[in-house]
Every structure is written in C-alpha cells, then in structure tokens.
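Trainee: Protein sequences appear in the order of chains A and B.
Going left to right, the first sequence walks through residues 1 to 180 as our numbering numbers them.
Going left to right, the second sequence walks through residues 1001 to 1256 as our numbering numbers them.
If you are wondering where the hints come from, they were derived from the structure by calculation, not from laboratory data.
Here the structure is a predicted model, which is why all the values come from computation and not from measurement.
Note that beta-carbon positions come from the ideal geometry of N, C-alpha and C, so glycine has one too.
Certain hints may be false.
[Said to hold, decoys possible] Which chain B residues stay away from chain A? Per the calculated CB distances, all over 12 angstroms, these: (1) Gly1032; (2) Ile1145; (3) Val1146; (4) Pro1170; (5) Arg1183; (6) Ala1206; (7) Phe1208; (8) Met1225; (9) Leu1228; (10) Val1232.
[Unchecked claim] Covered, in the sense of this in silico footprint (three residues per stretch, anywhere, with C-beta under 8 angstroms from a C-beta of chain B), are these stretches of chain A: (11) 33-40; (12) 58-66.
Listed below are the residues making up each chain.
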Amino acid sequence: MATQTHEAAGHAAEAASAPGMPQLDFSNWGNQIFWLLVTLVVIYFVLSRIALPRIAAVLAERQGTITNDIAAAEELKAKAGEAEQAYNKALADARAQAQGIVAEAKAEIQAELDVATAKADAEIAAKAAESEKAIAEVRAGAVEAVKVVAADAAAEIVAAMGSTADEKSVTAAIEARMKG
Amino acid sequence: MSSEATAAGHAEEAGGLVFHPMDQFIVKPLFGGDTIEWYTVTNVTLWMGLSILAIIGLMVLGTRRRAIVPSRSQSIGELAYGFVYKMVEDVAGKDAIKFFPYIMTLFMFIVSANFLGLLPMSFATTSHFAVTVVLALAVFLTVTIVGFVKNGVGFLGLFWVSSAPLALRPILALIEIISYFVRPVSHSIRLAGNIMAGHAVLKVFAGFAAIAVVSPLSVVAITAMYGLEVLVAFIQAYVFTILTCVYLKDALHPSH
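Isolated chain B, as found in the complex (with noise of 0.2 angstroms):
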C-alpha cells in the first residue's frame, strides 16, 4: 500500500524539508492488513463512526430532557434543526418539509464530518470524491425522480424556457440541460475541494514550521488557515444543503 510506501519516504527525508500534504487523505485499514476490501474497517469507517457518535451525542443526548428551557447542548440542537428547517422551507418551499429528515440527515454528515476533520491526526473524510460523489448523486437522483413523480412529463419544462424567444428555447434548452447535469458534478467537486484544499494547506504550512526561521510566521499563518477552515467547514455545509434545497424546490416547482 502507498502508505507504507510513504512511510519509508519519511524515514529518508528525515531531518529535511518534507511536504507530503496529500498523506492525511490516505485510506488505510485500522486493524493492520494490506488490502481494503469493500467491508474492510478503515480510518473512514472509524471517522465515520465518529461523526455518528456525535451526531447522537448532540441531537440525542443533548435532549434527553426535553427541556422547556433547554440546556446548551440542547440549544445547539434546536439551532441546527431550526436552522435546516427554516432553510428547506424558504428555499424549497412548504411541501418540501417532508424531505426534511433527508436534508437534516445531509447536513449533520457533513457539517459532523467537516468539524471532526478539523481535529489534527483526524481524517477529513468529506475530502473525499467518494463520499461526495455519492451524496451529490443521491441528492441528484432524488431531485430528478421526485421530479417526474411530482410533475411527469412536465418536469421537462425546466428546460424549456417559456419566457425567452421561441427561436432561442432549443438552445437555452440545451444549456440548461447540461447544466443540469453538471449539478452534482459542482456539488460535489465543490464540498471535496474545498475541504481537500484547506487540508493540504495546513499541511504545507505545517512542514515550513520544521525551518527555523519561518517557523514563528507558519505557526501564524496555520492558526489563521485554521479559522479560516473553521468557518469553511460550516459553510460548505451550508453551501451543499442550501443547493439540495434548491434543486428540490426546482424538482417541486419546475416552472421558470
């Protein structure tokens, strides 16, 4: 496996300049062993895990007491579950609400997933076209299905722009076809990169803190990356649920 690999190429580059951004988004298998099965038990699944451990912890645990006045945990919880609510409702409308657990199911994935990424040694596995592929197709084949469900052959009037020209509506028609197929490409390429791109910066300025001299400057500029990444991590979540919204609403309402 590479990290093997990688670590021999640690042993040889001891003591000099060594950048190896890219080792943190390493798949490797928790219990030893070389090969990654399907099943295999990997620091994805552990992170993963985690996610869902604090998921639990905060929209379960948090609470349990069902507070009239409710403690802080329980008022984190209530903000996140406001927060999604309001989004699906402005955005997607009111007979969107039904697809509520769904969205808040995305969301506290990733927004979980970014924040435990942020912990160092941790594995950022919302930097993963895998896992982002996966959510931006689910959310794509959704859409579309709900769609044609809701509306039939009508939902192909979004592309169909009945307020332009007749002479223009086959090319704008083609543009917002491909445009909509590219969705959950952007969708998902742009939640990977970003969380990929601030981890690999730190990264970077991680390994200028081995010289010296620039050591003081990438312990700071680390330390502004990182809020930086802070605030990425929530936003990103943001920016994926808030377009899921989106595409729902033109799934329900595909007039223009």
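So that you can see chain A by itself, here it is in the shape it has in the complex (with noise of 0.2 angstroms):
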C-alpha cells in the first residue's frame, strides 16, 4: 500500500527528529485517519439511526403532551366558568322565583284578610242592628211596666189618701209625666 512506503519514509524522517512534536510525525497519520474514519462512521450510525430520532421522538411527545395538557387545563377553566355562570343564573332565578312567590302568597293573604276583615265588619254590624232592636224592645218593654206599675202605685197612693181615681184620669196624667 502507499501508505505503508509512506509510513517508511515517515519513519526515517522521525529519527532523525525525535523529540519534536509528535503532530508532525507523518508515519502515523495513515493510522489516525483509519481510526478516525471508524470511529466517525461508527457514532454516525449510532447517532442517525439510534439517538438522534429517538431524542426527537422524545422531545415530540413531551412537546405534544405539554401542549395537549394546557389544552385540557384551558378547556377544564372554561368549563369551570361556565358552570359558575350556570350556577349563578340559576341562583338568580331561584331569588326571583322566591320573591315571586312571596308576593304571590302576600295578595293572597291580603285578598282572604280583606274578604275575611268585610265578613266581619258585616256580622258585627248585624249583630249590632240586632242587639238595638233587642234595647229598643227591652226599652219599650220596660217603659210599658214603668206605665203599669206607675198606675198601680198611683192607684194605691189615691186609694191611701180615701179617694177612688178612675183608671182613666190616672193613665192621661201619667202619659203626660212620662212625656215630661
């Protein structure tokens, strides 16, 4: 090979300078570029076939699993403020509802109260109507037996005094008292 007579020529030119820099000794370069050229090849394949597209594959995931999880979070944060609108409203319409029925149950109330309160006020006033006409005859009543027993006693009194009084002339001068 050539690079054997090139070696043999490197050879003679290192002895006669030993101890110089060994990155000028030329005999040995066919061997570092054999070796280099290997060891190149050999990471290349490794890289290119094994590392590298698994590092990529990796890095792809963990990109796409980042992205879809902040997907999902915003999605979970809208969800969340819709069900807090949801909550909300229907807690707005309970209130309004309440409010509805309270008032609802309030006219009721007032309609019976004032049917109820007229019911009353009108049995209190027939109650009443009755109760003066009961006064009215027990008065009537009462001045017919003060009549009575006025006549008696007027009677009697006369009878007392030795004269008779005529029923008649008893009754006349009670009237005209009672008149006053």
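Take each chain as given, in its own frame, and dock them per the hints.
Mentor: Next up, the structure:
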C-alpha cells in the first residue's frame, strides 16, 4: 500500500527529529485517519439510526403532552367558568322565583284578609243592629211596665189617701208625666 | 520508535527537572510492537473507542427509557441534541436541518474526545492534526460539493461581492477565494492547537511540581489551567461546530 511507503519514509524522518512534535510525525497519520474514519462512521450510525430519532421522538412527545395538557387545562377552566355562570344564573332565578312566590302569597293573604274583614264587619253590623233592636224592645217593654207600675202605684196611693181614682185620669196623668 | 527513545531519556534524567510536555501526544501501539501500520490498534484507537462508548452511553443508554420527565443522563443527551439542533437551525437555516446528524456527529466526537483527553494519563485525539485536518477537510469538501450541487455555478457568487464597486470586485474575489481555501487550515489548526497547547502547558506545570519550593504554586497553577482547559474543551467543540454551520450557510445561501 501507498501508506506503508509513506510510513517508512515517516519513520526515517522521525528518527532524524526525535523529540519534536508527535503531531508532525506523518508516519502514523494513516493509522489515525483510518481509526478516525471508523470512529466517525460508528458515531454517525449510532446517532442517526438510534439516538437522534429517539431523542426527537421524546422531545416531540413531550411537546405534544405539554400542548395537550395546556389545552385540557384551558378547557377545564372554560368549563369551570361556565359552571359558575350557570350556578349564578340558577341562584338569581331561584331568588326571583322566591320573591314572586312571596309577593303572590302576600297578595293572596291580603285578599283573604280583606274578605274576612268585610265579612266580620258585616256580621258585627248585623249583630249591632240586632242588639239595638233588642234594646229598643226591652226599653219599650220597660216603659210599658213603668206605666203599669206607675198606674198601680198611683191608684194605691190615691186609695190610701181615701179617694178613688178612675183609671182614665191616672193613665192620662202618667202619660203627661212620662212625656215630661 | 520515539517512545523507547524518550523512555531511555527519562531514565537518564530521573531525579532532575524533566520536561517532556509533548510525550503525551505520542502515538503508541497498544499491544506492543514497533511499527504502526494503518490498521494497528494504538492508543488513538483506544481513546477514540472510549469516546464512541461515551457517546453511546450518553445518547443511547442515557435515553433508553424515553421518559417524558427525563432522568439526568437523558437531560444531558436532550440538552446536547437541542444545543446542536438550534445552532444548525439558527446559523445555517431551516434547510440545513438534513445535515444535522452529520454536524451532531462532529460535535459529539470533538466534545467527547476533548473531555476524555482531560482525564489524567489519557490521550487527546483531537490534539492531533491528523484528526482535525480530516475533520476540517471533510467539512470543507462537503460544503463545497453541497454549494455546487445546490447552486450550480451560482455558488461562485460567494466570491463575487456584488455590493462592492465593480473595480474592487476582482481584488475582493481574490481575497475571498484565498480566505475560502484558508478555512480548512484555520478550522483544523484552531482545534488541535488549542487542545495541544493546553495539555502541554499542564505538563510543563506538572514538571515544575518536582521542585519542592515551587510545587504548591505548581499545583495551584495546574488546577487553574485544568479549569480553563475544561472550558476550552467545550468552547473549541462549539467553535468547530458553529463554524461548520456558518460554512454550510454559505453553501446553501451564497449571496452576500
């Protein structure tokens, strides 16, 4: 091989300048270049066939996971907002409904109360009228009784005084007194 | 081989102040023998193999659970992936993504070799021009071929600065062409030079540790240098990769 002759020449040159820079000892360049190429090819295949696709997949997967998680979080947040709105709406509705019910009940009760009051007023009026009538009757009865008692009493008193009183004049006198 | 010669040298100088900062870069056969044929298993083979194992450990074994919530090793693997992917996308553009495995290979190899080279008694493969020149030439050739395949003759527009005055354009074209062909040189020497210099400086400081009076200072200096080298190991891998992306962008979109 050509490299071998080169190396042979290199050995001779090296023998002449022993302590110099080993980097400039061209006799072993062939060896280094050969092993370097082997190394690079191995590294290239390991990286391009195994390592780089794997890392790319992992990074893509991670990016996908992160994106998905963020999207899911956004969605959940939106859902929570919606739920809150729905809750607030339900609360407001319930409040309005309650107020409606209260007002309705109030109105109903008021109406019932009015009816009852009117009925009670009417009853009271009727009872009062009845009572007045009864009182008037009693009073009329009393006046008659007083007339009778007064007539009797007057007749007795007149008899006691030794004269007889005729019924007609006693009654007239009592009538005149009662008118007063 | 030089290794035996330096071993002999070590024996002679034993006990004194010894500086052999470049010995760490010597390529040695792993299982004895003198000659290094192109197929010989050397310390280069060992440390390149270890960097393959490190990459497999991080990028394959570390991610084997494919977890949505990553473990530590999977996190690092994903970090490396995202780092290079974003760099390719930002610097070279969306249509350069199909070169991503290629650029990732370069980055992972350089960064793992740089860090493995920082282990004590290790061998820094990226400190050798043989390695970085091949890497840089591979980038240079790829970029040039891609440029011509994608843009045809239009790729030469890269050298023809249409925004400059017409009279200046030939001169600028010459400068652009020279700078284009200097790219692989600077691209390779930058990496190897940085790693080599850092490791050599560490060795020099370590040599001073043999003198009792200076040794505390030397240890502190080694520690500080080591910290710097950890940074350099990453930054040089980053620089090499981002320059690759820049060159690739020129090939895909040659307009100035």
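Trainee: So is Ile1145(B) really clear of chain A, every C-beta pair being over 12 angstroms apart?
Mentor: holds, 17 angstroms
Trainee: Beyond 12 angstroms from chain A, beta-carbon-wise, is Val1232(B)?
Mentor: The claim holds: Val1232(B) sits with its nearest Cβ about 17 angstroms from chain A, beyond 12 angstroms.
Trainee: Since Arg1183(B) was said not to touch the interface, does its Cβ keep a gap of more than 12 angstroms from each Cβ of chain A?
Mentor: holds, 20 angstroms
Trainee: Count residues of the stretch 58-66 of chain A with a Cβ under 8 angstroms from any Cβ of chain B, then say if the count reaches three.
Mentor: holds (count 5)
Trainee: Holds or violated: is the Cβ of Phe1208(B) farther than 12 angstroms from all Cβ atoms of chain A?
Mentor: The claim stands: Phe1208(B) keeps its Cβ more than 12 angstroms from every Cβ of chain A (closest is about 19 angstroms).
Trainee: Test the statement that Pro1170(B) is away from the interface with chain A: the closest C-beta pair must be farther apart than 12 angstroms.
Mentor: holds, 37 angstroms
Trainee: In terms of beta carbon proximity below 8 angstroms, does the stretch 33-40 of chain A have 3 or more residues touching chain B?
Mentor: It holds, with 8 qualifying residues against the three required.
Trainee: Please settle this one: Val1146(B) was flagged as non-interface, so is its CB more than 12 angstroms from every CB on chain A?
Mentor: holds, 17 angstroms
Trainee: Examine each Cβ of chain A, and state whether all of them lie more than 12 angstroms from the Cβ of Ala1206(B).
Mentor: Label holds. Min Cβ-Cβ 18 angstroms, cutoff 12 angstroms.
Trainee: Are all beta-carbon distances from Gly1032(B) to chain A longer than 12 angstroms?
Mentor: holds, 15 angstroms
Trainee: Run the C-beta distances from Met1225(B) to all of chain A and say if the shortest one exceeds 12 angstroms.
Mentor: Per Cβ check, Met1225(B) is outside 12 angstroms of chain A; nearest 20 angstroms; holds.
Trainee: For Leu1228(B), is the shortest CB-to-CB distance to chain A above 12 angstroms, so the non-interface label stands?
Mentor: holds, 21 angstroms
This entry satisfies every hint, going by the numbered hints stated previously.
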